[in-house]
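J.: What follows is the residue order along each chain.
Protein chains: 2
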Amino acid sequence: MKKTVITISREYGSGGRLIAKKLAEELGIGYYDGELLSLVAKESGYTEEFVRRNDQKKTQSLLYHLYIGSQILPASDMIFIAQSRVIKDLYNKESCVIVGRCADYVLRGCPDVINVFITAPLESRIERVKNEYGEQADNYRTYLTKKDKSRIAYYNYFADDAWGKVQTYDLSINSDIGIDKSADLIAQYIKEKVGE
Amino acid sequence: MKKTVITISREYGSGGRLIAKKLAEELGIGYYDGELLSLVAKESGYTEEFVRRNDQKKTQSLLYHLYIGSQILPASDMIFIAQSRVIKDLYNKESCVIVGRCADYVLRGCPDVINVFITAPLESRIERVKNEYGEQADNYRTYLTKKDKSRIAYYNYFADDAWGKVQTYDLSINSDIGIDKSADLIAQYIKEKVGE
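Chains A and B, in that order, are what the protein sequence lines are.
Using the numbering used here, read the first sequence as starting at 1 and increasing by one per residue.
Using the numbering used here, read the second sequence as starting at 1 and increasing by one per residue.
Simulated from the structure, these hints should not be mistaken for lab results.
Hints may be right or wrong, so weigh each one.
For chains that are exact copies, the list does not tell them apart, and a pair is met inside one copy or across any two.
As the list claims (entries may be wrong) - No farther apart than 27 angstroms at their CA atoms in a straight line, the calculated lysine-lysine pairs in the DSS-like style are these:
1) K2 x K21
2) K42 x K181
3) K193 x K130
4) K42 x K191
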């Protein structure tokens, strides 16, 4: 397959991560989620580099320190930037599936990127979170609403308001047809798009 | 195929109507767009019934007339209500593909309804509107932006703000893979969903 990077965004409990893994297997390409991206970022020294650079700034004069103090990025921003660099490195290097981390935004405008969104009705998501993920909550509806809000807030903080808008994605799919069938259909779309 | 109604929403110039027609052919079921729905509504006497009912109200006392005057619906509302009734009749009667007219909203909560959205990048839409639809405009970008806004305004007026949100649809697809291939992929999704 021609070099292609597939970004997967998803609602919590939609099975998006499972679909992404299955898709990567089907296409025989790499799979990266937030955890893996952090790991790669650490290994590549991206976060260390940031820490060191910020530490160096702290060795300046008190006045400079006070001035620059407000410019030191919070840890979450540093991690996001490190992950974004890894995403861009991956884009330059190999075909892969990247889950979350605003990868669609990080790679916006780049050719050979296919953006996919996985949805599922609230009832199906509650079912999956409860019985498959084994997560505990007093009220699963509230639990999932909070998870959704946090995901949207993350995107809006680091990217823009394009999360969950059909125009942002090449394909969005309700995963109620099943994990494997969803992955199959996405794989087929990708093959049509890439021309193979 | 088990009785299923497929609603198609789309961006102007995405080829959504062509895809919907092709899809209806592929599945061997009826196809209805706004024009056809109006025709059916007229034939069923829905709009006439509305006009007559409102006319009857006008035969009441002047005071009642003044009171009721503000309650007479504008023509566009009457047409929308008539079309919505036709959509519900169709839903009760047969499998079909319905394009636009907030059909996803009219049938929200009904089982056996599959909602699909067709997108396309602005450049592809300009190309299609210019060369395939043969429409004239000084500035196609402005022309399409206006068309988009008018479509969203129509939906927001008669329905709610769910237009173009991935959660509203079972499937959304960027039609750049081609009209036939898009229709094929949607047909496949529907068969998976319906279980055939």
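J.: Each hint needs a verdict: does it hold in this structure or not?
T.: Hint-by-hint comparison with the structure:
1. In the homo-oligomer, the alpha carbons of K2 and K21 lie at most 27 angstroms apart inside one protomer (19 angstroms), although the nearest pairing across protomers, at 32 angstroms, exceeds that limit.
2. In this homomeric assembly, K42 and K181 never come within 27 angstroms of each other (Cα to Cα): the closest approach is 35 angstroms inside a single copy and 42 angstroms across copies.
3. In this homomeric assembly, K193 and K130 come within 27 angstroms of each other (Cα to Cα) only across copies, at 23 angstroms, whereas the closest approach inside a single copy is 36 angstroms.
4. For the identical chains of this complex, K42 and K191 are neighbours neither inside a copy (33 angstroms) nor across copies (45 angstroms), given an alpha-carbon limit of 27 angstroms.
Violated hints, in rising order: 2 and 4; the structure is consistent with all others.
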